[in-house]
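Residue numbers (the numbering used here), protein chains in the order written: chain A, 1 to 139; chain B, 140 to 178.
Be careful, since some hints might not be right.
[To be verified] Derived DSS-like pairs (lysine-lysine); straight-line CA-CA distance at most 25 Å:
| # | chain 1 | residue 1 | chain 2 | residue 2 |
| --- | --- | --- | --- | --- |
| 1 | A | LYS134 | A | LYS116 |
| 2 | B | LYS163 | A | LYS24 |
| 3 | B | LYS166 | A | LYS17 |
| 4 | A | LYS116 | A | LYS87 |
| 5 | A | LYS87 | A | LYS123 |
| 6 | B | LYS164 | A | LYS42 |
| 7 | A | LYS24 | A | LYS42 |
| 8 | A | LYS42 | B | LYS166 |
| 9 | A | LYS24 | B | LYS157 |
| 10 | A | LYS133 | A | LYS107 |
| 11 | A | LYS123 | A | LYS134 |
| 12 | A | LYS133 | A | LYS123 |
| 13 | A | LYS87 | B | LYS157 |
| 14 | A | LYS134 | A | LYS107 |
| 15 | A | LYS116 | A | LYS133 |
| 16 | A | LYS42 | A | LYS87 |
| 17 | A | LYS133 | A | LYS87 |
| 18 | A | LYS107 | B | LYS157 |
| 19 | A | LYS42 | A | LYS116 |
| 20 | A | LYS123 | A | LYS107 |
| 21 | B | LYS164 | A | LYS133 |
| 22 | A | LYS17 | A | LYS42 |
[Unchecked claim] Some chain A residues near chain B, calculated using beta-carbon distances under 7 Å:
| # | residue |
| --- | --- |
| 23 | ALA2 |
| 24 | VAL12 |
| 25 | SER27 |
| 26 | ASP29 |
[Stated by the list, open to error] Estimated spans, in silico, between C-beta atoms of each pair:
| # | chain 1 | residue 1 | chain 2 | residue 2 | range |
| --- | --- | --- | --- | --- | --- |
| 27 | B | GLU156 | A | TRP30 | 20 to 30 Å |
| 28 | B | ALA175 | A | ALA2 | 39 to 49 Å |
| 29 | B | THR152 | A | ASN128 | 35 to 45 Å |
| 30 | A | LYS107 | B | ILE149 | 25 to 35 Å |
| 31 | A | ARG25 | B | PRO150 | 16 to 26 Å |
| 32 | B | THR152 | A | TRP30 | 36 to 46 Å |
| 33 | B | ALA148 | A | ALA113 | 44 to 54 Å |
Rather than coming from a laboratory, the hints here were simulated on the basis of the structure. A virtual CB, placed ideally from N, CA and C, is assigned to each residue, including glycine.
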Amino acid sequence: MAAFINTNFIPVRLHVKNHGAEMKRFSVDWTPTVLLADADGKELYRIEGFLPADDFLGQLQLGFGHAQFTRGNYQDAERQFRDVCEKMQNSEAAAEATYWAGVSRYKATNDAAALKATALAFKDRYQNSSWAKKASVWA
Amino acid sequence: MTTVMTTEAIPWTEDVEKALAESKKTKKPVLLDFTAAPM
Numbered sequence: 001m002a003a004f005i006n007t008n009f010i011p012v013r014l015h016v017k018n019h020g021a022e023m024k025r026f027s028v029d030w031t032p033t034v035l036l037a038d039a040d041g042k043e044l045y046r047i048e049g050f051l052p053a054d055d056f057l058g059q060l061q062l063g064f065g066h067a068q069f070t071r072g073n074y075q076d077a078e079r080q081f082r083d084v085c086e087k088m089q090n091s092e093a094a095a096e097a098t099y100w101a102g103v104s105r106y107k108a109t110n111d112a113a114a115l116k117a118t119a120l121a122f123k124d125r126y127q128n129s130s131w132a133k134k135a136s137v138w139a
Numbered sequence: 140m141t142t143v144m145t146t147e148a149i150p151w152t153e154d155v156e157k158a159l160a161e162s163k164k165t166k167k168p169v170l171l172d173f174t175a176a177p178m
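Generate coordinates for the entire structure from the input sequences, incorporating the hints supplied.
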């Protein structure tokens, strides 16, 4: 966890009692909340509420993929999302990562086959997830 | 888990502007952990 954070992010910790202005600035109304933001302070990803460590790491890795996606680094984003799919197969993050890996490949290649393949992949796993439903339109 | 709990060392700062400046330099996103837990 720490290695992933230290390698990929600039870490800021703000206590609710001492940082009301920052909570308002980033529209945080509840804790715990973890935000990923770009250098301009623009929100890239948000994680709200407690999660066990493995699930939290999965969400953090998803967030890092989204950060790459937002920057237009679609190949890096896909690599990150595929990594979540592979390493965290039993986590909730894996279904979302499957969806966004397909979208990232499509954005990188402009090949609609990437979306169809993603919809088909959901026939084998995470069938009941909302991400499978979202991808079903591509089948 | 949120709040981020780990036994390994993370160099947390409370200075948002400094972190954003560092983000501009390094191209790494800023991770903001808002917590009510004792620090």
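Now for the hints, and whether the structure bears them out:
1. A distance of roughly 12 Å separates the Cα atoms of LYS134 (chain A) and LYS116 (chain A); the hinted pair therefore holds under the 25 Å criterion.
2. At roughly 22 Å between alpha-carbon atoms, LYS163 (chain B) and LYS24 (chain A) fall within 25 Å of each other, so this suggested pair holds.
3. At roughly 30 Å between alpha-carbon atoms, LYS166 (chain B) and LYS17 (chain A) are farther apart than 25 Å, so this suggested pair is violated.
4. Distance check on the hinted pair: LYS116 (chain A) and LYS87 (chain A) sit about 23 Å apart at the alpha-carbon level, within 25 Å; holds.
5. Distance check on the hinted pair: LYS87 (chain A) and LYS123 (chain A) sit about 20 Å apart at the alpha-carbon level, within 25 Å; holds.
6. Distance check on the hinted pair: LYS164 (chain B) and LYS42 (chain A) sit about 16 Å apart at the alpha-carbon level, within 25 Å; holds.
7. Our distance criterion of 25 Å between C-alpha atoms is met by LYS24 (chain A) and LYS42 (chain A), whose separation comes to about 14 Å.
8. With a CA separation close to 13 Å, the supplied pair LYS42 (chain A) and LYS166 (chain B) stays within the 25 Å bound.
9. Distance hint between LYS24 (chain A) and LYS157 (chain B) is fulfilled; the C-alpha atoms sit about 18 Å from each other, no more than 25 Å.
10. In summary, the hint linking LYS133 (chain A) to LYS107 (chain A) is supported, as the alpha carbons are separated by about 20 Å, within the 25 Å threshold.
11. Our distance criterion of 25 Å between C-alpha atoms is met by LYS123 (chain A) and LYS134 (chain A), whose separation comes to about 13 Å.
12. Between LYS133 (chain A) and LYS123 (chain A), the direct Cα distance comes to roughly 10 Å. Compliance with the 25 Å bound is thereby established for this hinted pair.
13. Pair hint LYS87 (chain A) plus LYS157 (chain B) does not hold up; C-alpha atoms about 33 Å apart against a cutoff of 25 Å.
14. Restraint check: the Cα-Cα separation between LYS134 (chain A) and LYS107 (chain A) comes to about 17 Å, which is no more than 25 Å; the hinted pair holds.
15. Restraint check for LYS116 (chain A) and LYS133 (chain A): the C-alpha separation of about 13 Å stays at or below 25 Å, so the hint holds.
16. The hinted pair formed by LYS42 (chain A) and LYS87 (chain A) fails the criterion: a straight-line CA distance of about 29 Å is larger than 25 Å.
17. The hinted pair formed by LYS133 (chain A) and LYS87 (chain A) meets the criterion: a straight-line CA distance of about 23 Å does not exceed 25 Å.
18. Distance hint between LYS107 (chain A) and LYS157 (chain B) is unfulfilled; the C-alpha atoms sit about 33 Å from each other, more than 25 Å.
19. With a C-alpha separation of about 32 Å, the suggested pairing of LYS42 (chain A) with LYS116 (chain A) is violated against the 25 Å cut-off.
20. Note on LYS123 (chain A) and LYS107 (chain A): the hinted pairing holds, with a Cα-Cα distance of about 22 Å set against a maximum of 25 Å.
21. Distance restraint check for LYS164 (chain B) and LYS133 (chain A): the Cα-Cα separation of roughly 40 Å exceeds the 25 Å cut-off, and the hinted pair is therefore not satisfied.
22. For a cut-off of 25 Å, the pair hint linking LYS17 (chain A) to LYS42 (chain A) stands: about 23 Å separates their Cα positions.
23. Of the supplied interface hints, the one on ALA2 (chain A) holds, with its beta-carbon coming within about 3 Å of a beta-carbon of chain B, less than 7 Å.
24. The beta carbon of VAL12 (chain A) comes within 5 Å of a beta carbon in chain B, closer than 7 Å, and the hint placing it at the interface holds.
25. Proximity of SER27 (chain A) to chain B is violated relative to the hint, the smallest CB-CB distance being about 11 Å (cut-off 7 Å).
26. With 7 Å as the threshold, the beta carbon of ASP29 (chain A) stays out of range of chain B, its nearest partner Cβ sitting at about 10 Å, so the hint is violated.
27. Distance hint for GLU156 (chain B) and TRP30 (chain A): a CB-CB separation of about 24 Å, consistent with the stated range 20 to 30 Å.
28. Distance hint check for ALA175 (chain B) and ALA2 (chain A): the Cβ-Cβ separation is about 21 Å, which falls outside the suggested range of 39 to 49 Å.
29. Hint check: THR152 (chain B) to ASN128 (chain A), Cβ distance near 41 Å, so the stated range 35 to 45 Å holds.
30. Between LYS107 (chain A) and ILE149 (chain B) the C-beta distance comes to about 32 Å, which sits within the given range of 25 to 35 Å.
31. In this structure, ARG25 (chain A) and PRO150 (chain B) meet the distance hint of 16 to 26 Å, their C-beta atoms being roughly 22 Å apart.
32. In this structure, THR152 (chain B) and TRP30 (chain A) break the distance hint of 36 to 46 Å, their C-beta atoms being roughly 22 Å apart.
33. At roughly 45 Å, the beta carbons of ALA148 (chain B) and ALA113 (chain A) sit within the given window of 44 to 54 Å.
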